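There are 2 protein chains.
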Amino acid sequence: MAVTYELIKEEKNTKARLGKLYTPHGVIETPIFMPVGTKATVKAMTPEELKDMQAQIILSNTYHLYLKPGHELIEEAGGLHKFMNWDRPILTDSGGFQVFSLGELREIKEEGVHFRSHIDGSKHFISPEKSIEIQNSLGSDIAMAFDECPPYPASREYVKKSLERTTRWAKRCQEAHKKPDTQAIFGIVQGGMYKDLREQSVKEITELDFPGYAVGGLSVGEPADIMYEVLDYTVPLLPKDKARYLMGVGTPDYLFEAVIRGIDMADCVLPTRIARNGTVITSRGKLVVKNAKYAKDFTPLDPECDCYACKNYTRAYVRHLFKANEILASRLTTTHNLYFLIKLMENIREAIKEDRLLEYREEFYKKYGYDL
Amino acid sequence: MAVTYELIKEEKNTKARLGKLYTPHGVIETPIFMPVGTKATVKAMTPEELKDMQAQIILSNTYHLYLKPGHELIEEAGGLHKFMNWDRPILTDSGGFQVFSLGELREIKEEGVHFRSHIDGSKHFISPEKSIEIQNSLGSDIAMAFDECPPYPASREYVKKSLERTTRWAKRCQEAHKKPDTQAIFGIVQGGMYKDLREQSVKEITELDFPGYAVGGLSVGEPADIMYEVLDYTVPLLPKDKARYLMGVGTPDYLFEAVIRGIDMADCVLPTRIARNGTVITSRGKLVVKNAKYAKDFTPLDPECDCYACKNYTRAYVRHLFKANEILASRLTTTHNLYFLIKLMENIREAIKEDRLLEYREEFYKKYGYDL
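Protein chains in written order, with our numbering: chain A, 9 to 380; chain B, 9 to 380.
Source of the hints: derived by calculation from the structure; they are not laboratory data.
In this text the structure is predicted, and so the values were computed from the model without any measurement.
Among the hints, erroneous ones may be present.
Which copy is meant is left open, because identical chains are indistinguishable; a pair holds if it fits in one copy or across any two.
Stated by the list, open to error - Below 25 Å or equal to it, Euclidean Cα-Cα: the simulated DSS-like pairs (lysine-lysine) are:
no.: 1; residue 1: Lys319; residue 2: Lys59
no.: 2; residue 1: Lys90; residue 2: Lys298
no.: 3; residue 1: Lys131; residue 2: Lys331
no.: 4; residue 1: Lys117; residue 2: Lys17
no.: 5; residue 1: Lys374; residue 2: Lys294
no.: 6; residue 1: Lys59; residue 2: Lys117
no.: 7; residue 1: Lys131; residue 2: Lys248
no.: 8; residue 1: Lys59; residue 2: Lys211
no.: 9; residue 1: Lys203; residue 2: Lys361
no.: 10; residue 1: Lys319; residue 2: Lys374
no.: 11; residue 1: Lys331; residue 2: Lys374
no.: 12; residue 1: Lys186; residue 2: Lys20
no.: 13; residue 1: Lys23; residue 2: Lys117
no.: 14; residue 1: Lys331; residue 2: Lys76
no.: 15; residue 1: Lys28; residue 2: Lys248
no.: 16; residue 1: Lys298; residue 2: Lys186
no.: 17; residue 1: Lys304; residue 2: Lys138
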């Protein structure tokens, strides 16, 4: 088995867990937030900077790398780790979410998805087999099964058909897998916002015995309380000795609520994307540093943070860099946002150890300005 | 005196000199190439990265900082060093070259230059006094006198009038200077491509006794051999115990030829600008890494270079980053280009020490593919 999960501790007052995920490129302490490096780079960052901020694993995207520069080229380069100079674990998504998001440019069939490239309109086809072939070429530590992610809202009938197809595709992914010794495939549970369909999906997918499971089909536009409800009844159905991954979640509140419900891993482009637009996540809530009111604010982005950006630069300077369209602007805000979330997860792990996660959440929310 | 120059050694076979420039923020070994940080940041770089590549001094721009974010704001922030987190020496230009380059947007008069902002069309006025006021606020180690830089070609009559005005302006700069203890002003010699006018300008400007002198009005579109000729007859007229600065020069051949003619300092946006367009300066000449032929080239940008980019990434990866519009692309090529020129100047200093600068130039040009 390329990847195994060790449960270290369950928190007393919540479903939160402390664990270790063993991968070919190192051990990951969970719960964890994974920075996203869509196109073989976490935007604006070097691998060394990610290591300095204690990033343990990054995520990269099958769809984008398949189109550019192509997975064969990356395989020829010695795999994704070598290509991008990152020697810690990598998780790749299956490309499913991206091709489904293409809307009119794609057609879903039992054999797979026919679609046109968002770059040049060229025709392509990704099936479970093709997704695994691409991920095998990339050589990620954790590959994701090629699933169908229904939109929100979706009818019960659609979601049921879709989850059953996802099960058939999951089997095909396992059968197509060429690197079981050095790469794991995580299964993905679907079922939309329907409790019995989530139960059906968990039953079918866990029967295939994957080394880890994602709760799919969430963070697709549904209200937060619905997401929490689905996690409430879905996560406890998953085996305790396997890692649990929630895709597309990366705000402090979502991370707290997911971990409290038993999630071990999460990823999101949000912290890096809003950073490039001049928004930072701070201990006192979000801050749009581009705003005029920070023009002469000579305090750090977050006075309670000790990241490189906060230790060395002022809001006034970062604002100036944004106004002047300077690359360093995105570097500093990206550094801060990733550091902030990675540090938050470190604090969350510490709180789980000491069975005070709910207290820590309350302290955090109070300052952050978030009402439960 | 805020800044002094110590002549360490003259090379046997050329006019090249080894020296030390003492400034309030540290000692600079000359000859030196100065990276340009136009808007209070060397594009794509952090100060720490510049230090890692042994950058000893950077240049920043009065015109740009006056318009955005404004010199008062930078003064309020504690000066340019503190604002941008750079504790080594800074040289600021006078803003003259930028306002003259505005063409129809500016009008040159004896009192100074009236111009409209290239950003929003707002009206402004920079005089010798205003330029020094701005540079005093910025708090650079070396400020430049506000001069008039004639275009190439320009009539003898125009150039003569212009150099005489430059002399009057240089005096006004000295008189307006508020920080003689912590900031030096360098004078600028003009005179276009006319030998006797250069002689006149040197005589007038050196009589004002500045702690350093720039040879101005070069690298403005004239052929290389004319630039070399002007340097040939102008530089020897400058006092030996003062630093000599050639503005706007930053290719390996120009740097070699300038140093050989007795220049101690040079700056240029070229290495950072072409880097962001995907061109790198290598020991085998320039290389446009965006080109299709590097798609599967898994060798470094420059196999003979040991910069961060060359040690860790391939041409194929850097090309991919450019094709994907990733910020890391510019970071890596900028790192390489600056490192390359800084290292070149280090090698040049070493060659001067050993009186083998001409041999070193020949070796370099042979590989670089440049014919003398």
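Do the hints match the structure? See the list:
1. Lys319 to Lys59: Both: 18 Å inside a chain and 18 Å across chains, each within 25 Å.
2. Lys90 to Lys298: between (36 Å within a copy, 20 Å between copies)
3. Lys131 to Lys331: For Lys131 and Lys331, only the inter-copy Cα distance (20 Å) is at most 25 Å; the intra-copy one is 40 Å.
4. Lys117 to Lys17: neither (43 Å within a copy, 78 Å between copies)
5. Lys374 to Lys294: Cα proximity of Lys374 and Lys294: one copy only (14 Å, versus 56 Å across).
6. Lys59 to Lys117: For Lys59 and Lys117, the Cα distance exceeds 25 Å both inside one copy (41 Å) and across copies (56 Å).
7. Lys131 to Lys248: So Lys131 and Lys248 fail the 25 Å test inside a copy (42 Å) and across (69 Å) alike.
8. Lys59 to Lys211: For Lys59 and Lys211, neither the intra-copy (38 Å) nor the inter-copy (57 Å) Cα distance is at most 25 Å.
9. Lys203 to Lys361: For Lys203 and Lys361, neither the intra-copy (31 Å) nor the inter-copy (79 Å) Cα distance is at most 25 Å.
10. Lys319 to Lys374: within (24 Å within a copy, 46 Å between copies)
11. Lys331 to Lys374: This pair counts as neither: shortest intra-copy Cα distance 32 Å, inter-copy 44 Å.
12. Lys186 to Lys20: Neither way: Lys186 and Lys20 sit 41 Å apart in one copy and 67 Å across, limit 25 Å.
13. Lys23 to Lys117: The answer is neither: 38 Å in one copy and 76 Å across copies each exceed 25 Å.
14. Lys331 to Lys76: Classified as between: cross-chain Cα gap 8 Å, same-chain 31 Å, threshold 25 Å.
15. Lys28 to Lys248: Classified as within; 13 Å inside a copy, 67 Å across copies.
16. Lys298 to Lys186: Classified as neither: same-chain Cα gap 48 Å, cross-chain 33 Å, threshold 25 Å.
17. Lys304 to Lys138: between (53 Å within a copy, 22 Å between copies)
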